[in-house]
Structure formats: C-alpha cells, structure tokens
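**Student:** Listed below, chain by chain, are the residues.
There are 4 protein chains.
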Amino acid sequence: MLTLIGVMGGAVVEDDVLDHAYRIGRMIAEHGWVLLNGGRNAGVMQASARGAHEADGLVVGILPGDTTVGMAPGIDIAIPTGMGDARNAINVLASHVIVALQGGPGTVSEVALALKAGRSVVMLGFPLGVPFSPYYERGQLIDASTAEETVAILESLVHPRERA
Amino acid sequence: MLTLIGVMGGAVVEDDVLDHAYRIGRMIAEHGWVLLNGGRNAGVMQASARGAHEADGLVVGILPGDTTVGMAPGIDIAIPTGMGDARNAINVLASHVIVALQGGPGTVSEVALALKAGRSVVMLGFPLGVPFSPYYERGQLIDASTAEETVAILESLVHPRERA
Amino acid sequence: MLTLIGVMGGAVVEDDVLDHAYRIGRMIAEHGWVLLNGGRNAGVMQASARGAHEADGLVVGILPGDTTVGMAPGIDIAIPTGMGDARNAINVLASHVIVALQGGPGTVSEVALALKAGRSVVMLGFPLGVPFSPYYERGQLIDASTAEETVAILESLVHPRERA
Amino acid sequence: MLTLIGVMGGAVVEDDVLDHAYRIGRMIAEHGWVLLNGGRNAGVMQASARGAHEADGLVVGILPGDTTVGMAPGIDIAIPTGMGDARNAINVLASHVIVALQGGPGTVSEVALALKAGRSVVMLGFPLGVPFSPYYERGQLIDASTAEETVAILESLVHPRERA
Numbered sequence: 040m041l042t043l044i045g046v047m048g049g050a051v052v053e054d055d056v057l058d059h060a061y062r063i064g065r066m067i068a069e070h071g072w073v074l075l076n077g078g079r080n081a082g083v084m085q086a087s088a089r090g091a092h093e094a095d096g097l098v099v100g101i102l103p104g105d106t107t108v109g110m111a112p113g114i115d116i117a118i119p120t121g122m123g124d125a126r127n128a129i130n131v132l133a134s135h136v137i138v139a140l141q142g143g144p145g146t147v148s149e150v151a152l153a154l155k156a157g158r159s160v161v162m163l164g165f166p167l168g169v170p171f172s173p174y175y176e177r178g179q180l181i182d183a184s185t186a187e188e189t190v191a192i193l194e195s196l197v198h199p200r201e202r203a
Numbered sequence: 040m041l042t043l044i045g046v047m048g049g050a051v052v053e054d055d056v057l058d059h060a061y062r063i064g065r066m067i068a069e070h071g072w073v074l075l076n077g078g079r080n081a082g083v084m085q086a087s088a089r090g091a092h093e094a095d096g097l098v099v100g101i102l103p104g105d106t107t108v109g110m111a112p113g114i115d116i117a118i119p120t121g122m123g124d125a126r127n128a129i130n131v132l133a134s135h136v137i138v139a140l141q142g143g144p145g146t147v148s149e150v151a152l153a154l155k156a157g158r159s160v161v162m163l164g165f166p167l168g169v170p171f172s173p174y175y176e177r178g179q180l181i182d183a184s185t186a187e188e189t190v191a192i193l194e195s196l197v198h199p200r201e202r203a
Numbered sequence: 040m041l042t043l044i045g046v047m048g049g050a051v052v053e054d055d056v057l058d059h060a061y062r063i064g065r066m067i068a069e070h071g072w073v074l075l076n077g078g079r080n081a082g083v084m085q086a087s088a089r090g091a092h093e094a095d096g097l098v099v100g101i102l103p104g105d106t107t108v109g110m111a112p113g114i115d116i117a118i119p120t121g122m123g124d125a126r127n128a129i130n131v132l133a134s135h136v137i138v139a140l141q142g143g144p145g146t147v148s149e150v151a152l153a154l155k156a157g158r159s160v161v162m163l164g165f166p167l168g169v170p171f172s173p174y175y176e177r178g179q180l181i182d183a184s185t186a187e188e189t190v191a192i193l194e195s196l197v198h199p200r201e202r203a
Numbered sequence: 040m041l042t043l044i045g046v047m048g049g050a051v052v053e054d055d056v057l058d059h060a061y062r063i064g065r066m067i068a069e070h071g072w073v074l075l076n077g078g079r080n081a082g083v084m085q086a087s088a089r090g091a092h093e094a095d096g097l098v099v100g101i102l103p104g105d106t107t108v109g110m111a112p113g114i115d116i117a118i119p120t121g122m123g124d125a126r127n128a129i130n131v132l133a134s135h136v137i138v139a140l141q142g143g144p145g146t147v148s149e150v151a152l153a154l155k156a157g158r159s160v161v162m163l164g165f166p167l168g169v170p171f172s173p174y175y176e177r178g179q180l181i182d183a184s185t186a187e188e189t190v191a192i193l194e195s196l197v198h199p200r201e202r203a
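Residue numbers (our numbering), protein chains in the order written: chain A, 40 to 203; chain B, 40 to 203; chain C, 40 to 203; chain D, 40 to 203.
Be aware that one or more of the hints could be misleading.
Pairs count within a copy or across copies, as identical chains cannot be separated in the list.
Simulated crosslink set (DMTMM-like; lysine to aspartate or glutamate; CA at most 25 Å straight-line) [said to hold, decoys possible]:
| # | residue 1 | residue 2 |
| --- | --- | --- |
| 1 | Lys155 | Glu93 |
| 2 | Lys155 | Asp95 |
| 3 | Lys155 | Glu69 |
| 4 | Lys155 | Glu176 |
| 5 | Lys155 | Glu53 |
| 6 | Lys155 | Asp54 |
Simulated from the structure, these hints should not be mistaken for laboratory data.
As the structure is a prediction and not an experimental result, all values here were calculated from the model.
Generate coordinates for the entire structure from the input sequences, incorporating the hints supplied.
**Tutor:** Now the structure itself:
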C-alpha cells in the first residue's frame, strides 16, 4: 500500500501560498509518496498537483463533481465523487497525514474532519482559533513555517519508528 | 415546505451549553419550525431534541450510522445515513439557518460547510478564529449571547421581508 | 419515532404507475405513516408526494441536488444532499419498508441497496431478474398486484406482532 | 490521466468466477490500465486485486469503511470512504468502463448506477432481468463469455477511435 499525503488549501490564495503548494507537491513525489488533493484546477490543488507531476509523482484527485470537467492537469487517478463538499470527509480518510495551507471554510472543514478522524495535520501559514487549541497541545496539529519544514514533519509522521 | 433550523454542537459540553440547547430546541418548536440535528443521544443533540419534543415540535435527526442505535429520544424523523461525518454536509444543506453552540471539530466542520454553502450561522458562545473573520464582516456569521437572542436572530433570518 | 415508508419508482413512467403512486401515497398518509421519496418533481416521486399531501400526510424528500430547485410540491421536509445518486443509499436506510414501482436503473439500485441493508421491499408491477430470486424465496421481496394489496402488505410488515 | 477499469462482483462467489476475476485483473494491468474495485478482502475484489498486483499493475480500492481494516492485499491506493454502500456510486463514477461478474444486490446496484451515469458495462456470466433490456439494445450493456472476450470488449471501449 502506498502512502498518501493529503494537501489541502484554498482555490483562491496568494502567490507565496501557491509556491509553497508547488514545492510541497514536488517533495511529496520525491519521497515516493502519493499526493492526494481535491483535484480542481485552482489554487493549492492545481499548484500541488503540478509540483508532484513535474517530479514524476502519482497524484490522486478526489473531485466534488461527477465528471472530470475542471480537473487540474497532472492528476493521474481521478475520483469524481458527485458528492460536492461531502467529499471533504473522504479526502481526510484517504490521507495518512494532511498538510493544510491557507484557505477558506472548505479547508477549515477538512482540518476539522481530519482531527476528528485522528489524522495529524501540519499547518503552513494557516492560523486557526480557540477550538483547535487542544489539538496543538496534544501534538496532532503542528505548525510549520516553510515548505521544507512541512516535509520534514511529514517524514517524522510517516516513519515514526525509524526516528524513535 | 417546513422551515428546518439546524442546531449543531458538541457531544460533550458543559451544563450551561446543554441548557442553551434545550431552550433553543423549545423555542424552535414554539415558532413552528422543525429542529434538525445530528441525532445522537449526547450533548447538544440530545438536549435540543428534548427541548423541541417537550414543546410538541417536530425533530429530524441526520444520523452518522446506518441504524437508529444510539439515537436521541424525541427524534421523530430518523435519517440514518451510514456515512459517518460526511453527513455533516447534509446537516447544513438541509437547514435553512444554522445555530452553533460550543463543540469540537465536528461542530467546526459544520459551521465551515454551512458558510461555504451560503447558510447564515448564529453562534452562541462558540468563538472561532481568523479564517472566519470575513464571514462576521459580511453578516453571515452572527454572535448571540443568550438563547433568547439566538432565536430573535433566527426570526429575522427566517422572515427577513416581514422585518424589513 | 415515526414510521417512514419509502416509495421508489421512475421519473418517467406510464399513467397507471402514476395512479398507483398517488394512491399509495394517500394510503400511507391515512395510516399515519410518513412518506419518504427522492423528492424530485417527476413521475412516481411527484405523484406519491401529491397523494400523501392531499391526505394531510407528512412527506420527506431526499433530494439529489444541493438545493430544493426541481422539488415536488407537497414535500414538507426537504433534505437536499448534494450527493447525486449516492443519496439512493440514504433513501433506503431511512425507510422502514420500501415500495418499488416501475422505474429504471435508479429504482433498481434502490431495490438492490434496500435488500442489502435488510429492508423488505414490496414490488408493484416491477419484475426483476435472476439475481433477485433468493430474496423472493426468503420473503424479503414481495410482489403485489394493486395499490391496495401493496398497502395491506405494508401493514403486515409495519405491525408484525399485532398480526402474529 | 490514467484509465481506470472498475471490476465489480460478489464477496462470495464460485471458483470459476474468482478465476475470471483474477485473469481480468491480470489483463487490465498488462494493458497499462488501473484496476478499481471495492477493496475488500473477499471474492471478486480480492481475486481481481491479486491478478492486477501480480502483473505489476496499480490497484485502487474504494472501501466502504473508514479504515483499511479488511482490505485486500495488493491494493496500492486505498480510499476509505466511511460511507458504506453509498460508495458504490463513487465506484462507478471513478471508472471509465465497468466489468460486472456474478454477485448479489451490491453488484446489481453498481451495474444500475453505472448505466444511469452513462458508463458502459461488460457483463461476464451475470444475467440481469427485464429492466436492463433497453441498455442491451443500445449497446451500453454487453455480454461476454470469457475473461479474454471481456478484455477484448474493454479494448474497443477504451480506444474506440483507434478501432473505428
């Protein structure tokens, strides 16, 4: 079974966020992991898919619609769900670890569902509020400040025993 | 078509939150609205269902499991979905307006999905962080400080024209 | 908890099927049961909702879209799911017993999912093929020849002990 | 984007059906297609995954549960959905073409949903009844009698232009 890393984030974000998404996508591929995202041709989904694709990685897109219309280039495995935002729950269940970049309520819902499903979430530049404090305290939510630091944390989460 | 008011909140909350949930449930029924919640026999779901039921209201429970095991007493219309937390997306689509009381990541995911789906959300004692600020500014997220104020805001949202 | 009877059938069917759907909807309401259907303003969904509504019954519509656009008149409790045909699984989980009238593959999928979920299905004029034979043999699939006979079978399934 | 072929069929089937599933899985991998199935460690799911895996193919499993417990060996990309049988709708939306072997109501629901979603379905030893006749007539449902013939039909459906 391959290791899937979910990368979540907004469809409309600033350029530095797109750059982070692209580089995280690249590094996910370079580590031999599979990138999973929401599959749309916009924002963090598009940039992370492009990064992983250009590094010859495998990309899974869990699409909200029931077709591949509007899908990001570079998606290898397209999973149209026809379920709209209810597919956010699948995004997190199918990911071993989740990275969250800046986004709107869709991204917040994915972080929240990921925590509820017991997944660790690495946050890069996406501060959340009071309800998330307990998850920071127990180490399930982890802040990173660069794409490189994000991937270093992913390494420690994917291979915890080797590091212990 | 009847007006459904979704009441969201945690399965494990403090007593004053349960009291708010109970009274909001009662007042929803007294206004002739239908209460919709997540249907489980715990916390805000249980208390709001009891309030609406005792005031002879109709209660719809959108359940995460595929049976009615663990359902709150007072649910009239049980909708087992078998979808786990993916049913949170249905909770908000089926609600005309949403009330959110204190809760954990499940409740946060419902607030986030509600905002993304264009629903107004009245918050009673549940402060959220930075990503939600734009929704406060545009009036889609509204803070209330008592159960009575919560319902007064619901009135203005359900019958906007009569109030204009 | 109220008893929900699911009535499934095609969006495009002949007039006698619509007449059956209308009369079954009426009788469901007259028995004090809740009618549940797919909620669209077409065929068996429309006719059964009209029947139940005209007999002052309560009607629940589990809609495939994420809005109430295209909903049948007479639906009291609208549950937009935004899940397309994946909502067929919810239709059957939320129904205590299912009636299936003539339909296409959507209706067949509902009968199949209902059987898998352990629900009894009363068939009125909708012959199915070889894979369904075991379910006829064990009495989980039951053929009826009129609307009245359909409802008589529903009575025996909803109140099995009183009849024993 | 890779070509996903969905292989559906029962969890409890006879040995010749398992042999068909295994060989179809192998040939799907040998054609460079991705095998998609329901992912459980039983019946047609297990056998087809084994076949594709042994031929170095890529296998996607769309699981009904919210974990990978009970997953078939050989699944590379595990997508736990937590949605139970509602995931059958995703199985067909994510498949370019579907193969159906002998099965129970779950398999019937997948064939029905596939037809409704416009997908072609190749049937190997799985006779269906009257409601499916129109789909045979228009060529959307196609009977095959061997694993080899099944894959030959898949070729014609995946590469229609090259064959025209």
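**Student:** Hint by hint, say whether it matches the structure.
**Tutor:** Comparing the hints with the structure gives:
no. : hint             : in the structure
1   : Lys155 to Glu93  : neither (33 Å within a copy, 32 Å between copies)
2   : Lys155 to Asp95  : neither (32 Å within a copy, 34 Å between copies)
3   : Lys155 to Glu69  : neither (29 Å within a copy, 34 Å between copies)
4   : Lys155 to Glu176 : within (15 Å within a copy, 28 Å between copies)
5   : Lys155 to Glu53  : between (28 Å within a copy, 20 Å between copies)
6   : Lys155 to Asp54  : between (30 Å within a copy, 23 Å between copies)
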